[in-house]
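Based on the hints, put chain Z in the right spot on chain G.
Each chain, written out:
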Amino acid sequence: MAIAKRSRTQLATQRFEYAPAPESTDHVKIEKRYDLFIGGRMVKAHSQKRFPTINPATEEKLSEVVEADAVDVDRAVKAASKAFDSWSRIGPSRRARYLFRISRILQERARELAVVETMDGGKPIKESRDVDIPLSAAHFFYYAGWADKLEWAFPNVKPRPIGVAGQVIPWNFPLLMLAWKIAPALAAGNTVVLKPAETTPLSAMLFADICMQAELPDGVVNILTGAGKTGSLVVSHPGVRKVAFTGSTEVGKSIQRSLAGTGKRLTLELGGKAANIVFEDAPLDAAVEGIVNGIYFNQGHVCCAGSRLLVQESIFEPLLEKLKIRLNTLRLGDPLDKNTDIGAINSKAQLEKIAGLVESGIEEGAELYQPECKLPERGYWFPPTLFTNVSQSYRIAREEIFGPVLSVLTFRTPDEAVEKANNTPYGLSAGVWTDKGSRILWMAERMRAGVVWANTFNRFDPTSPFGGYKESGYGREGGLHGLMSYLELN
Amino acid sequence: MRGVRSVDQVGAEERAASLAKRSIKKASKLWALDLAIRCMDLTTLEGMDTPGKIAALCAKGIRPKPGDPTIPSVAAICVYPARVADAREHLGSSGVHVASVATAFPSGQTFLSLKIDETQQAVAAGADEVDMVIDRGAFLSGDYQKVYDEIVAVKEACGDAHLKVILETGELGTYDSVRRASILAMAAGADFIKTSTGKVQPAATLPVSLVMMEAIRDFVRETGRPVGFKPAGGIRTSKQAIAYLVVLYETLGPEWMTPERFRLGASSLLNDVLMQIEKENSGAYQSLDYFTID
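From first to last, the protein sequence lines are chains G and Z. Per my numbering, residue 592 is the first one in the first sequence, and the count goes up by one each step. Per my numbering, residue 110 is the first one in the second sequence, and the count goes up by one each step.
Heads up, some of the hints might be wrong.
As the list claims (entries may be wrong) - Selected chain Z positions facing chain G (in silico; Cβ < 10 Å):
| hint | residue |
| --- | --- |
| 1 | V116 |
| 2 | V119 |
| 3 | A141 |
| 4 | E265 |
| 5 | D327 |
| 6 | R330 |
| 7 | V355 |
Claimed, not checked - Here's a subset of chain G near chain Z, in silico, CB distances under 7 Å, partners left out:
| hint | residue |
| --- | --- |
| 8 | F607 |
| 9 | E608 |
| 10 | A612 |
| 11 | P874 |
| 12 | D876 |
| 13 | A877 |
| 14 | E880 |
| 15 | T920 |
| 16 | N930 |
| 17 | D1026 |
| 18 | N1046 |
| 19 | Y1060 |
To be verified - Think about it this way: if two alpha-carbon atoms lie no more than 16 Å apart in a straight line, the pair counts; the simulated EDC-like pairs of lysine to aspartate or glutamate are:
| hint | chain 1 | residue 1 | chain 2 | residue 2 |
| --- | --- | --- | --- | --- |
| 20 | Z | K138 | G | E608 |
| 21 | Z | K130 | G | E841 |
| 22 | Z | K135 | G | E608 |
| 23 | G | K820 | G | E841 |
| 24 | Z | K134 | G | E608 |
Rather than coming from a laboratory, the hints here were simulated on the basis of the structure. Every residue gets a Cβ at the ideal spot worked out from N, C-alpha and C, and that includes glycine.
Excised from the complex, chain G in its bound form (with noise of 0.2 Å):
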């Protein structure tokens, strides 16, 4: 036994460690630059002006793409109002088709778009392979088979596609927000420009790769990178019919007031600051997963993350005390690695905005925790984190954060916690634990919020529609109701 004793003393200085397992990105290819995809083609923009998209995690340059001009979105809206003529016409079962030709693609190339929208947005590896992509083909495949039953899904109507729809996406999700835009604006029968985040525009790029491969017709789909510039002269061109657009409120306002009067349909889907609420017979293990999920998950940059956490008094200390050790268990690295729980925050800006809040939340007097968490030296990081000792009043519990920081607050009874998790401008979702069916649907009932989780948070489904109540926004996406808003119904 003593042979056997030596082997022990080497092997006792190991550790058990997760060893690095990067996705690799040989078969991924980025483009130097990236033109525009109108009519069908990527074409040389007008405008001259060019940026660069980098990647979060390392701060490298990926590739340049166009800020599209006033000639380059009147060109692609000119593009897709001619393509709108045969596409609303063409048999609704030949547009299915497309769609569900796209949604195959969508999933050969799921690895690839992987990687990409890893390395573009800083999202880990392990989320855009089995949240982003995989939804992202199932929103298409599912509105595909709605493509040529709209006589059924809407009877007596006679429901008629649009014309052009000027979409305009935000950088969390950057290809599951395409999917979700473009899906039943094409099934409906209407023809699109969108604009993909400035931040990140590379998913979409390979989208309108995808769309060639598809042979989709031309101008069905047109492509435009830039910035809010380019964003606002998409919605406010005069050829668009149909506005969508998700992202902060502060901009959907202003899209809502510079469209008065226009007779453009108009669909917002904001910002949020969602209240999980748990109730002290909550299932607590999975109630620490499902807190993990809703705030940490994509960094936080989730319009409906759970960023306040109310909890039942009783078990307050607790659920606290599962959190923190949970919290200690978070991988906070290289995107690209598969054991990766934390990626990078999206671009410099939004890290400031993160910062800039948590900052507020010590000046105003909550407590911090973070736990022992090394960051990389380059690319933008935060710290998972949490906020104790916090009212209602103070702003990071008041302001949607978009980034990895919870407040936790408490309450003593249902009735309190319905006040609490409905005092604020947003409604986009919610997310009740309890072990109790009657009281899951009481405060669903009672929650001014167009989500409610029961016992999990961020599930989604292409058949549940998805929208906000309130500053949330308007119009629902997902499901049935997300046709609604590209069919002329009277």
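For chain Z alone, kept in the frame of chain G given last:
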């Protein structure tokens, strides 16, 4: 017992599945495989077990790979009570423990006096660890007191021997019951809680193990007394064994990664672990002929 906090099935299964995707490689993998051997309860529980079979198993347990002194011994040899004396004889002073199943394994359906007697005889014959089964009939009929009293009585009969309490999770039906039975067994004095006998399907699964480990974590928080965990049944590959170690690491932490607090009950896992170690060291898989079949 009915007041024990509930478990969310969907949440537990998702969490277990996400942990199974962690990547363990090279030095860490070697360390994990070494630990898997050190924590292994090498088991034979067959009607056809003979002194000869026990002798072979003991030899394998003491020195899993003849000619390779870097491979450690297993934690224990796990046998039926009637074979305890054989195992004790062959293990001698090797440091490998003798574990005996007891209390009318695997069903537990006999009289308490016989269970106590069986336990005492097994210990007298040289078992220093006892793997008892709970009375699932009593548990499922809601007679938690009976289950509790039996565990207390068997624990007393064990004397200095360590008591592992088998819940037979495959017969309990829900994770809520698994959690309840875990708390019950720990409160009654179990040194270890163990998933299964290996005679019922499903045996050990990752989510069931996660639920039991979470119960241990809560119990330790309440009482300060650490309790060990033993998954058993159906763990045949290194990959599975490592998945259990990952869940253990993330749920109970590094302090549980020792044979004093973690065991893997297995009859056919050892050769696969040896093969993987050989592969990590040499870079190539060896023929099965190089591994002894015992």
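Structure-based check of each hint:
1. Among the interface hints, the one on V116 (chain Z) holds; its C-beta lies about 5 Å from the nearest C-beta in chain G, closer than the 10 Å criterion.
2. Taking 10 Å as the C-beta cut-off, the interface hint given for V119 (chain Z) holds, the closest approach to chain G being about 7 Å.
3. Restraint check, A141 (chain Z) versus chain G: the minimum CB separation of about 6 Å is within 10 Å; hint holds.
4. At about 32 Å, the closest approach between the beta carbon of E265 (chain Z) and any beta carbon in chain G exceeds 10 Å, and the interface hint on this residue is violated.
5. Residue-level restraint check for D327 (chain Z) holds (minimum Cβ-Cβ distance to chain G is 8 Å; threshold 10 Å).
6. A hinted interface residue such as R330 (chain Z) counts as satisfied when its beta carbon comes closer than 10 Å to some beta carbon of chain G; here the least separation is about 7 Å, so the hint holds.
7. For V355 (chain Z), the suggested interface contact is upheld, since its CB lies about 8 Å from the closest CB of chain G, less than 10 Å.
8. Taking 7 Å as the C-beta cut-off, the interface hint given for F607 (chain G) holds, the closest approach to chain Z being about 5 Å.
9. The closest approach between the C-beta of E608 (chain G) and any C-beta of chain Z is roughly 5 Å, which is under the 7 Å cut-off, so the hint is satisfied.
10. Interface hint status for A612 (chain G): upheld, as the beta-carbon distance to the closest one in chain Z is roughly 4 Å, under 7 Å.
11. A least Cβ separation of about 4 Å between P874 (chain G) and chain Z falls short of the 7 Å threshold, and the interface hint therefore holds.
12. Interface hint at D876 (chain G): satisfied, since its Cβ lies 5 Å from the closest Cβ of chain Z, which is below the 7 Å cut-off.
13. Satisfaction of the interface hint for A877 (chain G) is found here, the shortest Cβ-Cβ separation to chain Z being roughly 3 Å, below the 7 Å cut-off.
14. Because the smallest distance between the Cβ of E880 (chain G) and any Cβ of chain Z comes to about 5 Å, under 7 Å, the interface hint for this residue holds.
15. For T920 (chain G), the interface hint holds, since its Cβ comes within 7 Å of a Cβ in chain Z; the closest pair sits about 5 Å apart.
16. Restraint check, N930 (chain G) versus chain Z: the minimum CB separation of about 5 Å is within 7 Å; hint holds.
17. This hint holds: D1026 (chain G) has a C-beta 5 Å from the nearest C-beta of chain Z, less than the 7 Å allowed.
18. Hint status for N1046 (chain G) relative to chain Z: holds, with the closest Cβ pair at about 5 Å, below 7 Å.
19. Here the hint on Y1060 (chain G) is broken, as its CB sits about 26 Å from the closest CB of chain Z, past 7 Å.
20. The hinted pair formed by K138 (chain Z) and E608 (chain G) meets the criterion: a straight-line CA distance of about 9 Å does not exceed 16 Å.
21. A C-alpha spacing of about 40 Å is found between K130 (chain Z) and E841 (chain G), which places the hinted pair above 16 Å, so the restraint is violated.
22. The suggested pairing of K135 (chain Z) with E608 (chain G) holds, with an alpha-carbon distance near 10 Å, which does not exceed 16 Å.
23. Distance hint between K820 (chain G) and E841 (chain G) is fulfilled; the C-alpha atoms sit about 15 Å from each other, no more than 16 Å.
24. Distance restraint check for K134 (chain Z) and E608 (chain G): the Cα-Cα separation of roughly 9 Å lies within the 16 Å cut-off, and the hinted pair is therefore satisfied.
In terms of the numbered hints stated before, the structure departs from hints 4, 19 and 21, listed from lowest to highest.
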